[in-house]
Amino acid sequence: MSNYPDDRRYTRSHEWIRVDGDVGTIGISDHAQKELGEIVFVDLPDIGEIFDAGQEFGTIESVKAVSEIFLPVAGEILETNKVLADEPGAVNEDPHGDGWLVKVKLSSDAEVDALLNATDYEKFVEEEAKA
Amino acid sequence: MSGPTSDSAPVLRHTPLWERHRALGGKMVPFGGWDMPVEYSGLSEEHRAVRERAGLFDVSHMGEIRVKGPKAFEVVQRLTCNDVAALDDGKVQYSAFLTPQGTFVDDLLTYRLAADDYLLVVNASNTPKDVAWAKAAECPGASVEDESPIWAQIAVQGPRAETILQTLTETPLGRITYYRSEPGKVLGIPALLSRTGYTGEDGFEVYLHPDRAGDVWDAILKAGQPHGILPAGLGARDTLRLEACLALYGNDIDDAHTPWEANLGWIVKMKKGDFQGREALAKQKEAGVPRKLVGFEVTGRGIARHGYAVQVGGAAGAAGVVTSGTQTPTVGKPIGLAYVPTEKTAPGTVLAIDVRGRGVPAVVVPTPFYRRRT
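The listed protein sequences derive, respectively, from chains A and B.
Under our numbering, the first residue of the first sequence is numbered 11, with each subsequent residue one higher.
Under our numbering, the first residue of the second sequence is numbered 15, with each subsequent residue one higher.
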């Protein structure tokens with residue numbers, strides 16, 4: 011059973027965002043990393059790049075496949091997780107912690123409120139598995 | 015996050031070991047019309063188990079075509095590009111069915127079971143096509159039958175494979191040398207024991223009746239437990255075979271490429287007499303082979319994958335294409351195979367691979383990427 015922290019919001023495309031002031035930290039969910047399998051490469055954007063909500067901002071590659079990752083909210087990239095350049099497996103090991111991907115300066119709080127909470131995300135994952 | 019969708023078939027076939035894969039926690043994926051395990055405990059762990067100890071694969075989805083009768087030799091000799099006359103009883107040969115254009119219908123293993131009895135082992139997804147291809151060569155004196163439904167196939171691969179399998183059979187496995195086979199018994203069950211595989215390691219492929227495959231699978235896993243055997247899925251099979259530069263139909267070889275291009279000229283025996291595709295191969299050799307499959311290492315940041323475009327000699331240079339590519343556990347860096355113009359195949363040649371719009375540098379390297387210590 012996956013464990014989804016309730017201090018953050020989740021997307022239906024399996025990213026999470028944790029907000030602190032006007033800065034959001036973004037990663038992929040434990041469910042997503044399990045589905046991907048062993049992650050061998052993470053391609054992240056440059057600092058200062060600006061994305062819309064739902065826009066692709068990078069890719070994560072496992073041995074077998076490439077997956078796009080989408081920004082849960084609109085914002086400007088403030089920081090990327092440099093550890094992932096040498097240790098992409100950190101996303102597998104600690105997807106909700108040390109395996110975070112980027113930090114963004116939020117354009118709007120309202121977008122965050124529209125995302126799934128941990129309980130609803132867990133239900134969504136279960137429903138998706140049955141489909 | 016979103017990934018590529020896998021090929022979905024309306025009805026996926028199950029091998030006789032399907033329930034065991036589920037019970038072992040296998041992550042199942044559609045492959046060539048079959049529901050197969052891509053991994054159990056993790057791709058890298060399974061890959062390393064095969065390189066260092068042993069791994070167990072279900073390869074029952076492969077196709078088997080039996081050619082029998084006094085004219086069987088002539089039929090197989092005409093159907094395949096390697097020289098069947100080089101085989102004696104029990105010898106196994108890597109070979110191919112070729113189109114009249116000299117390109118691949120499929121690659122296969124030819125087993126000479128007896129002078130008038132051959133077993134051709136073909137790729138799962140190509141089996142219906144291959145059966146039709148071989149059936150077209152049927153003649154009085156040589157019957158061609160699809161025996162896929164009566165053969166299960168289990169591959170035990172890795173340096174401990176012989177030790178593990180030996181505990182379950184009275185056949186002295188040491189006398190079965192590389193690319194030879196012998197009928198015997200495993201757990202008292204009749205089986206064809208073959209020292210072959212698709213991982214770059216020593217190992218055996220065990221052919222037997224599907225009804226008894228589960229018993230043999232369980233027994234190998236149990237006997238292998240003290241040796242650290244792991245069940246291994248298609249994911250590890252792919253990274254293992256790529257490191258060893260073993261061609262995969264649909265990726266590295268297909269009906270658009272010839273054996274000359276695929277660096278598989280060694281399975282073509284032009285002197286053996288006529289065979290399907292021979293004329294086209296002779297013409298291509300005379301005219302010059304335009305492109306060849308090479309190994310490369312990515313030197314920049316990124317992973318090159320099947321289908322990505324390759325530029326050689328700058329943006330204006332001639333183009334090629336990646337046929338297989340990923341980061342593999344033993345090599346530990348992104349590697350791959352690509353078709354490039356023949357004059358650009360020397361090790362050290364710099365390539366640029368289009369990784370989703372970015373030109374990522376790579377360099378041609380000698381192959382295979384991995385060779386086992388003997």
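Quick caveat, the hints were computed from the structure, so don't treat them as lab data.
Note that the structure is predicted; figures quoted are calculated from it, not measured.
Where is the CB? At the ideal position from N, CA and C, for every residue including glycine.
One thing to keep in mind: the hints can contain errors.
Residues of chain B placed beyond 10 Å of chain A at every Cβ, according to the derived structure [unchecked claim]: (1) S58; (2) F87; (3) Q91; (4) D252; (5) R315; (6) A333.
Computed list of lysine-lysine pairs in DSS-like fashion (alpha-carbon distance at most 30 Å, straight line) [claimed, not checked]: (7) K199/B / K105/B; (8) K143/B / K105/B; (9) K82/B / K44/A; (10) K41/B / K133/A; (11) K140/A / K143/B; (12) K286/B / K299/B; (13) K286/B / K143/B; (14) K85/B / K44/A; (15) K286/B / K44/A; (16) K140/A / K115/A; (17) K143/B / K92/A; (18) K297/B / K286/B; (19) K105/B / K347/B; (20) K41/B / K286/B; (21) K297/B / K113/A; (22) K82/B / K236/B.
Hints versus structure:
The claim that S58/B lies off the interface is violated: its Cβ sits roughly 6 Å from the closest Cβ of chain A, which falls inside the 10 Å cut-off. Consistency note on F87/B: stated as away from chain A, and its beta-carbon is indeed over 10 Å from all of that chain's, at 41 Å minimum. Non-interface call for Q91/B relative to chain A: holds, since the shortest CB-CB distance, roughly 39 Å, exceeds 10 Å. The Cβ of D252/B sits about 8 Å from the closest Cβ of chain A, inside the 10 Å cut-off, so the non-interface label is violated.
The claim that R315/B is not at the interface with chain A is violated, since a C-beta of that chain comes within 10 Å of its own (minimum 8 Å). The Cβ of A333/B sits about 21 Å from the closest Cβ of chain A, beyond the 10 Å cut-off, so the non-interface label holds. A C-alpha spacing of about 18 Å is found between K199/B and K105/B, which places the hinted pair at or below 30 Å, so the restraint holds. Under the criterion of a C-alpha separation no larger than 30 Å, the hint pairing K143/B with K105/B is consistent with the structure, at around 25 Å.
Restraint check for K82/B and K44/A: not satisfied, since their Cα atoms lie roughly 48 Å apart, outside the 30 Å limit. For the hint pairing K41/B with K133/A, the CA-to-CA distance comes to about 21 Å; that is within 30 Å, so the pair holds. Taken as a hint, the K140/A and K143/B pair is broken in the structure, with Cα atoms around 35 Å apart against an allowance of 30 Å. Note on K286/B and K299/B: the hinted pairing holds, with a Cα-Cα distance of about 16 Å set against a maximum of 30 Å.
Between K286/B and K143/B, the direct Cα distance comes to roughly 25 Å. Compliance with the 30 Å bound is thereby established for this hinted pair. A threshold of 30 Å between alpha carbons decides the hint, and for K85/B with K44/A the separation of about 54 Å lies outside it, so the pair is violated. Restraint check for K286/B and K44/A: not satisfied, since their Cα atoms lie roughly 52 Å apart, outside the 30 Å limit. Using a Cα cut-off of 30 Å, the hinted pair K140/A and K115/A is violated, with the two alpha carbons roughly 36 Å apart.
Taken as a hint, the K143/B and K92/A pair is broken in the structure, with Cα atoms around 49 Å apart against an allowance of 30 Å. Straight-line distance between C-alpha atoms of K297/B and K286/B comes to about 17 Å, which keeps the hinted pair within the 30 Å bound. Our distance criterion of 30 Å between C-alpha atoms is broken by K105/B and K347/B, whose separation comes to about 36 Å. Taking the CA atoms of K41/B and K286/B, the gap is near 45 Å; set against the 30 Å cutoff, the hint is violated.
With a CA separation close to 60 Å, the supplied pair K297/B and K113/A exceeds the 30 Å bound. A threshold of 30 Å between alpha carbons decides the hint, and for K82/B with K236/B the separation of about 37 Å lies outside it, so the pair is violated.
Violated hints, listed in ascending order, are 1, 4, 5, 9, 11, 14, 15, 16, 17, 19, 20, 21 and 22; each of the other numbered hints is respected by the structure.
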